[in-house]
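Under the UniProt record's numbering, the residue at position 434 of the sequence shown is numbered 434, and the numbers go up by one with no gaps.
Hint data in this document are derived by calculation from the structure and do not stem from the laboratory.
Ideal Cβ placement from N, Cα and C applies to all residues, glycine included.
Incorrect hints may appear among the rest.
Label-pair restraints from in silico Cβ distances [stated by the list, open to error]:
hint, residue 1, residue 2, range
1, LYS39, ASN394, 44 to 50 Å
2, GLN402, GLY441, 40 to 46 Å
3, ASN37, ARG373, 47 to 53 Å
4, ASN220, GLY300, 33 to 39 Å
5, SER425, GLN459, 26 to 32 Å
6, SER76, LYS291, 51 to 57 Å
Simulated crosslink set (DSS-like; lysine-lysine; CA at most 30 Å straight-line) [as the list claims (entries may be wrong)]:
hint, residue 1, residue 2
7, LYS303, LYS176
8, LYS105, LYS412
9, LYS143, LYS173
10, LYS349, LYS370
11, LYS417, LYS303
12, LYS412, LYS395
13, LYS279, LYS291
14, LYS173, LYS279
15, LYS72, LYS147
16, LYS303, LYS290
17, LYS279, LYS296
18, LYS147, LYS173
19, LYS112, LYS278
20, LYS393, LYS112
21, LYS143, LYS393
22, LYS303, LYS279
23, LYS184, LYS47
24, LYS147, LYS184
25, LYS417, LYS376
26, LYS105, LYS151
27, LYS279, LYS290
28, LYS112, LYS151
29, LYS47, LYS252
30, LYS278, LYS296
31, LYS112, LYS137
32, LYS39, LYS184
33, LYS137, LYS72
34, LYS395, LYS349
35, LYS155, LYS39
36, LYS296, LYS461
37, LYS279, LYS420
38, LYS440, LYS461
39, LYS296, LYS412
40, LYS112, LYS155
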Amino acid sequence: MNRTLFRTLILLIFLIRFGTHVQEAFPATYNSPDTLNAKTAKSYHQKAYGLRLTDPQLSLSFARRAESIALKIGDSNELAEAYRISGIAFTYLNERDSAINKYLKSLSLFQKNEDELGEARVSNNIANIWVDIDYEKSLVYFKRVLKIALKRNVKDLTAGAYLNIGNAYYQNKQYKISLDNYEKSRKIFTVTKNTIGLTQSLQNIGLIYYRTGNLELAENYLLLAKARAQEYSLNNTIAMLNLTLSSIYMAKNNFPAASNCITEGLAFANLIGDEHRKKQFIYSLYELEKKQNNFKEALGYLKEVYIYDSLNYRRNLASNIGLVQQTFKQQQTQKENELTIQSQRNAKKLSLAIGIVAVLSFFVIFLLIKSNRRSKESNQQLQELNDEIITQKNKVDRINHQLEELIAERTKDLIIKNQKLSEYSSHLSHQIRGPVATLKGLMMLVEENMVQSNEIAPQIKKCVDDIDTKIMDINDALNDPTKKGLS
Numbered sequence: 001m002n003r004t005l006f007r008t009l010i011l012l013i014f015l016i017r018f019g020t021h022v023q024e025a026f027p028a029t030y031n032s033p034d035t036l037n038a039k040t041a042k043s044y045h046q047k048a049y050g051l052r053l054t055d056p057q058l059s060l061s062f063a064r065r066a067e068s069i070a071l072k073i074g075d076s077n078e079l080a081e082a083y084r085i086s087g088i089a090f091t092y093l094n095e096r097d098s099a100i101n102k103y104l105k106s107l108s109l110f111q112k113n114e115d116e117l118g119e120a121r122v123s124n125n126i127a128n129i130w131v132d133i134d135y136e137k138s139l140v141y142f143k144r145v146l147k148i149a150l151k152r153n154v155k156d157l158t159a160g161a162y163l164n165i166g167n168a169y170y171q172n173k174q175y176k177i178s179l180d181n182y183e184k185s186r187k188i189f190t191v192t193k194n195t196i197g198l199t200q201s202l203q204n205i206g207l208i209y210y211r212t213g214n215l216e217l218a219e220n221y222l223l224l225a226k227a228r229a230q231e232y233s234l235n236n237t238i239a240m241l242n243l244t245l246s247s248i249y250m251a252k253n254n255f256p257a258a259s260n261c262i263t264e265g266l267a268f269a270n271l272i273g274d275e276h277r278k279k280q281f282i283y284s285l286y287e288l289e290k291k292q293n294n295f296k297e298a299l300g301y302l303k304e305v306y307i308y309d310s311l312n313y314r315r316n317l318a319s320n321i322g323l324v325q326q327t328f329k330q331q332q333t334q335k336e337n338e339l340t341i342q343s344q345r346n347a348k349k350l351s352l353a354i355g356i357v358a359v360l361s362f363f364v365i366f367l368l369i370k371s372n373r374r375s376k377e378s379n380q381q382l383q384e385l386n387d388e389i390i391t392q393k394n395k396v397d398r399i400n401h402q403l404e405e406l407i408a409e410r411t412k413d414l415i416i417k418n419q420k421l422s423e424y425s426s427h428l429s430h431q432i433r434g435p436v437a438t439l440k441g442l443m444m445l446v447e448e449n450m451v452q453s454n455e456i457a458p459q460i461k462k463c464v465d466d467i468d469t470k471i472m473d474i475n476d477a478l479n480d481p482t483k484k485g486l487s
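Given the sequences, and given the hints that come with them, work out the whole structure.
Right, here's the structure in full:
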């Protein structure tokens with residue numbers, strides 16, 4: 001495909017969608033002064049939540065307005081929810097370290113306010129970040145959320161928990177268990193008429209069927225989900241659906257349909273500013289061109305993918321390090337809070353003891369002994385907690401060291417791949433040029449009637465076989481990870 005035309009189409013779709021979206025998202029009263037009350041803060045974080053799948057950047061803007069208002073009026077409940085929505089927006093922007101920072105602030109406020117449902121919702125969000133990193137840890141979070149949701153009979157939270165439990169099992173390739181949970185969430189979302197949740201359930205069910213090789217059923221579910229996503233302008237979901245649909249169409253050798261899905265999906269990835277999703281679509285373009293034997297175009301897209309890999313790999317590792325560090329800081333803060341609460345309790349008990357001593361001198365010795373014993377217990381607890389903090393810090397240091405080793409291995413791998421690409425270009429420009437020139441010379445002899453076509457047929461066949469052999473050697477070298485260069 002013509003890459004200039006392709007990029008022009010992406011830009012056109014982007015401008016049309018962006019213009020329509022801005023008109024819907026920014027009504028005439030948008031720039032009016034904010035009214036500083038809880039109702040206004042709630043209105044902003046509700047708008048932010050509604051935009052999370054359409055425009056995460058705009059969602060973050062609304063969430064920050066809600067944060068600002070909640071801080072000014074001192075409403076901790078609205079502030080906790082605003083922090084949570086900000087974390088969701090950062091999650092869809094693939095800024096996981098910023099997301100976890102917001103989630104931990106939200107969790108701290110919900111715990112302080114003894115809001116069990118709030119804690120469950122933010123725990124659900126935290127687990128969504130961990131699902132790609134630690135499947136077992138995320139599953140513990142999700143099952144805890146499901147238990148609270150069932151106890152409180154909160155239908156949407158229950159359905160969301162089933163959906164996320166399905167995601168966790170999907171990451172571990174336990175597709176049957178994953179599908180069972182997706183079906184449970186779909187049924188509940190259908191009853192509650194939650195269109196976004198239902199769309200995500202249909203999307204995930206389609207993905208399961210794709211992974212298990214049932215392409216027809218997968219396509220039906222994904223197209224149904226795409227229609228709903230387009231109806232509600234769920235840009236992030238549309239992009240992900242197009243990615244899977246393009247793979248299905250390539251498997252069916254329906255290249256025009258695959259190309260359309262990639263073009264549309266890449267436009268939506270640009271619209272929401274999702275760099276990771278853009279890299280996935282560019283890799284799909286590489287696979288599409290390669291499958292159609294357009295090796296020159298495929299090489300161009302493959303180079304773009306490697307550029308994305310080299311730029312984003314370190315960024316993702318840094319994000320993972322930040323995620324671990326933020327979690328560690330939260331654990332430290334929680335332990336410090338426990339120590340503070342324990343100290344406050346001891347202080348109250350000590351004050352009460354002093355009052356009793358003043359009134360009832362008879363119990364002075366008894367109370368002093370009791371207080372001293374409790375102080376020793378508190379000191380012992382403090383020492384144990386301090387030892388645990390040191391242990392956690394050592395674990396984080398080991399993780400950092402392992403991540404640094406991963407960076408070194410990845411860099412070495414990229415150098416080898418770049419060397420292969422360089423040799424691929426050299427073969428295309430030099431090794432194949434000789435046989436092609438020979439073919440052109442033979443054709444000129446035939447056109448000038450200097451020789452008969454049947455006389456040069458063996459030479460033409462030899463040149464074609466030579467070209468075919470060189471191309472197969474190049475493909476073998478590129479696809480064989482054990483080879484360090486082209487022969």
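Exercise. Are there hints from earlier that the structure breaks, and if so, what are their numbers?
Worked result: 2, 7, 8, 15, 19, 25, 29, 32, 33, 34
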